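> Spelled out, the chains give:
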Amino acid sequence: MKKKTLLFVFVLMISWQTNVFAQERQVTGTVSSTETNDVLLGVTVQLKNTSVGTVTDLDGSYSITVPGNENNILVFTYMGFESREIEVGDRNVVNVSLSEFVESLDEVLVVGYGTQKRKEVSGAISSVKGEEIAKITTPGFDRAIQGKAAGVQINSSNGIPGGATEVRIRGTGSINAGNQPLYIIDGVQVTSDSRTANLASSNPLSGLNSEDIASIEILKDAAAASIYGAQAGNGVIIITTKKGSTGKPVISLDVYTGITSMAQDIDLLNGPQWVVLNREAQVNTGNVLAGYYADALYGSPESAPTYDWLDAITRSGKIYNAQLSVSGGTEKTKYYLSGSYNSQEHQFKGYDFARGTFRVNMDNELSDKISLQTRINLSSVKQHSMDVPSFQTYNIFISGLAGVPVEPIYNEDGSINTNLRSGWDNPLFSIANNKNTGITNQVVGNFALNYDIIPGLRFKSSYSLEYTTVKEELFYDPRSTAGIALNGVVRFNEAEVTNWQTDQTLTFNKLINDKHSINALLGFNYRNETFTNLNTQGNGVAIPEFGETLTGTTPAVLSSAYNQFITVGVFGRVGYTFDDKYIIQATLRRDGSSRFGSNNKFGWFPAISGAWRIAQESFMEDTGFISELKLRASYGETGNSEISFYPGLSLFASNADASYNSNAGILFNQLGNSDLGWERNVTTNFGLDYSLFRDRISGSLDYFVRTTKDLLLNRPLPNTSGFSSIAENIGSLENRGWEIGLNTVNLDGDFKWTTNFNITFIKNEIRSLLNPGEDLPASNLWIGRPMGSRFMPKWAGVNPADGRAMWYTKDGDITYTPTQEDRVFLKDNLTTPDYYGGITNTFGYKGLELSMFFQYQVGTMQQDQPRAWLLSDFKYNGNQYVEALNRWTTPGQITDTPRLYPGSQAPGTSSSVFGSGGGTDRFYSDASYLRLKSLSLGYTLPESLTSRLRLDHLRVYIQGYNLLTWTNYTGLDPEFAAGSYNMGSVPQSRSYTLGIQASL
Amino acid sequence: MILRLQKYILLSVAVTGMLSCESMLDTEPRTSIAAGTALNTYLGVEAALNGAYAALRGPEGYTGSPGAATYYGREMVIYPELLADNVRNVNPGTCSCRGSAQLVNQAGSHLDIWEAAYAVITKSNLVIDAADLLEEASDAEKAVLKAQALFLRGYVYFDLIKTYAYNPNHIQNGFDLGVPLILEGVDDYGKVEFPERAGVTEVYAQIEKDLLQALDLFSAEGVESPASPVYATEGATHALLSRLYLYLGNDRYEDAIIQADAALSSGVGTFQETPESYVSMWEQASNPESMFELQFASTAELPQNPNDNTIQANYQQINTGTTRIGFGDIVVADNLLEEYEAGDARREVMVDYVRSDGEQVIETNKFQGSKGSFGFDNVPVIRVSEVYLNRAESYARSGNEGEALNDLNKIRNRAGLPDAEASGNELIEAILKERRLELAFEGHRFFDLTRLGRNIPKETIPAISFGDYRILAPLPLAELDVNQNLEQNPKY
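The listed protein sequences correspond, in order, to chains A and B.
If you count the first sequence from 1, position 110 lands on 109 in numbering that gives the first Met the number 0, and the numbers rise without skipping.
If you count the second sequence from 1, position 108 lands on 107 in numbering that gives the first Met the number 0, and the numbers rise without skipping.
To be clear, the hints were calculated from the coordinates, so they are not data collected in a lab.
Calculated lysine-lysine pairs in the DSS-like style (CA-CA distance at most 30 Å, straight line): (1) A:Lys333 - A:Lys509; (2) A:Lys333 - A:Lys241; (3) A:Lys708 - B:Lys190; (4) A:Lys381 - A:Lys241; (5) A:Lys128 - A:Lys247; (6) A:Lys751 - A:Lys128; (7) B:Lys370 - A:Lys434; (8) B:Lys490 - A:Lys809; (9) B:Lys190 - A:Lys600; (10) A:Lys242 - A:Lys368; (11) B:Lys190 - B:Lys161; (12) A:Lys128 - A:Lys381.
Predicted, not measured: the structure shown is a model, and the values here were computed from it.
Take the sequences, apply the hints, and build the full model.
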């Protein structure tokens, strides 16, 4: 017994000893490439801070002896790959994948009809990678590239999810033709014009799931863009989606959820304040009776209640996003499949967005010579919004902001109070009973066949289709202001876009004697896009419940539209690089468009560019810290064909304006100009690309001059001719500026800190208009000044003696009756900032990553239209900003807010103080801003943990969007597109999201 | 290998060759037709004539954008009232105050019908030119198209001349310019003119000529009269001529009487004999008294939005109990109300209304949404009653006081009022007063004062003397900028 016990103790001790003293164990595993999933041979595997090490064998396998404690860290290093440090933990098998280290010079950029290594690029191209885009939790990719690329300015006229954005590459180049760039999604040219009729705003590009994007390239100068000829005048944005790679299937799941709230506070009067001021305003007009009625109706200030209308129409909106993708492939077949769902509720009630997408990207090699490429995206976007922003009383934003604070929102029984003395709708009633929805279903697909005729010579035959349908439904309840007069309104609107294209290209690449690199491209492009729509409206519903059918209503509108355009182009490009040092490239396109007049169907669009990589020269050999120093220069021409569909023709139309006595009529509505053509953009670009200290400091510097000639302007005709104008190609303007991009790795190692900074300085100037030396003040266009200039009397504040509004005369004196003579130019213009850009700082420590992105814009102004309404001296029966409390009341009082006077103009003044009609700058304000656009904190779980969960990768993150804004802008959102109508436009949301990304 | 390469190069060249063919770019607008072919057929010209009628409602696009300027859709009816003394604005606190600048005759704020009027004229010109050239239409078919276009052209030139120029009998400081006379269609850029203003008398002569020619054509053999009152007819042309001669005065009163007689015996328009039928005629979709009435056939033809921008919306607000529709901020002026005698049936075509701030107002009920929804009304442009008053005044001014009293009392009796007894100047004033009461809110008042060279009485501001430059509307600045040959009205 005792012996047995001893034996047991001994065994126990042995085993204990084994635990404590058996210091060594074997860890094995394989190392593979993240990109290709191929196993890697010869990877150094080292135990951190020791000399213990090994290399992987032919199968990528290794075996290493590690101490028995659990604090082991293995370091994997491999030439051309990023090193990794992995905690072993208690695992015995550690499989690792290494990512290729891509030096920025070898990074491949997508260019028109091909790809180029960054070092070989001689034009001006910005690139934003998919990882950057996926980092911003917003459904539209355009919002995600805001502030990330020099020379690209992105704003929007509202903050509706899925709403339209305004993208300006190197300034605004056109006055009357379009200013949006050409979008190419996987080779498919897609128009970004809104296709909806009733929704407050929509964006046909919102069907693209930003997590599917591999990269976005922005072609900014003619050297890069002229291959797209007359479509490229406003720059080109090429979107490339992800494709699969060889190896085991990678399944990724990305889910985030969050809330939205107001990004900016709005301070309105409370009930007692409203009663005091309203009465004071009535009394000031001399209308004592109205003052009396004000008392009778609204009671005394002491007892006045406050109902918070703003609170009633806002909410904490919800964001939800889920995406699942599978990618992988064999040598011959690679696939990327993804599905996603995104929904967003805006903080203003009544604005929602939901989207589902499904993508199939396939690459097949049929033989050594023939390969196929298929890209298909299906999407369905459902939007719900209130009316198109306007000055209408049933716009919920306006009627909600201006809701009279002494009027109850709800009746005592909890129902919505619709008996408002203001005569307006209760916005909650509109939200609950009116309907305005749109569903956009879209297929964007591309199929291409590559045939490698001989090595280096490839024929590519590509066919693309974009097919979009839009179905909209609108209902104005017969009990709402919008519907009552017509006893209810039902609208059904349908639109369809069929956009098909083919591209046939022949490319040739050859490297001769390792010194002469030649590439050539010859191609043909045809695009035919047809837009049709059908608009209906029926008036009069039997009861509100019949708001979802036209049946039973009286037909009021029945109209259809048909717009078609065709473009055809042949193009070529030749590039030659000598010894990796000297680069020259020329492109030429002959392009035609059906939009042009019969005398001017085709045009030539040439470009030439060159680059010199100084760092490759032998005399630079000593300066080893410089890996790239490249001078670039380019000159060329592109065209802007975003003009109307048939501007060359004289046309009669038939529409409601011409029908009489229920008989259809016709009217001569367009006097054609058969000479009409594209606007010409001539771009000169000088650039410098640099990379120092092995990419620790890199970036580029560009100087550009973009001159737009043959501007499409409407030459006014006397109305006695029956026409007001005829379109002509005349006039020019210029955008000139600097773009600076700087990327630095400030700290490397365990603690990593990187900074990406870009800034664009730009100056816009009108060079000539219709007649030599003649301005067009009625259109706010002056030669020698930027577009968006404003010329009006300047507001001089309030006379302390009597509270009258004052203006400056042109000589700087005070006047109460400004005239046309007193107009001066305001300092800033509406459209072109002095400079803009963004800065991202990313801090990483082990798995933790903190990223801060600021976006800024300086030197524009904006007319704040809602403010004019909300400081209108109770001219309208609504609420006012709290600023109204500062109104002048007593002689000697110094204030900015005049004596309240609801009439059209206060006695002793000649100009209306209120609104834009006053024609003064009182409600214009500086729209410069600095915004903390996003702040995110992510944590990637260490591999030791993820592997236990049988995952390759697991990251959790939180993100705030539109967190902080520094601006003097008085309005709701300084990002409102410059010069746009912002009355009733809803601002962007602030959002907080929490997400998780996992892959296995 | 080389051979295959050549094959592809050849293919590319072939593709390039295709480009020489411009037909690849052929597209055709389907919602428009080319100008060259539109007016070659009777149906095409008839449709263009429809377009000309329609343009009386407002210039192209007025239905599409809220608050867009209109012609008879609103401005031409309410502005002549605002510019004179029949109406006032409600309290500022509840006022949209559209047209408030016109109400106080603010400098530069006047009728602005230039673009809209010339739109009708140029459309009529195209019809007049094309009708003659029609190959497959009978003479009667051509005549009926042309007659209507001439009526429209004459009608609209009359609007222009009384808005932008002095009455030939009341020229101030020798300023006798009228408006440019455009009498040929513009169907090509090359035909765009930069015309000067014709003289006042020249324009009146052209209007008379157009209307007389229209009469000839309406009465030509085989011509079938278009349907009254929504289309121009022989009767409507006579009625308009009676108005024209009344405006010309002097030796034209005889002509005015002859034309009025012809109009009243034409069978176009039915005089309402009793006070009851008078009050109820304003409730009817088409006013039985109309000799020419501008038709709004569907709500899609109304100015956007009917709640804000129609005639009714300006004259009336209604309280449904849950909401208030319309602005209704142009209400009946006190000095007009005082003019109505007790028992006047026309006082019943008004409604009392309490606004949201408690203000008690009286609104006209002549535009009451008689076609079934708010803001949806036709606009009576020429009424039988006006023709009686044209004739009464012409009789009175040419000395036939008995006939004048007959016509005057026809209007008075029908309103439930006793016969008037007056003679000489008093009689003329009684007829003018009756004209004001009868035609109030229909867009006559300002012109009935200016045609006689009278000062404009106002409710809230001092009267505007006839010598004041604000009597004439300013020509649009944009038009002056484009056409250097135009001379602006004095002092603008």
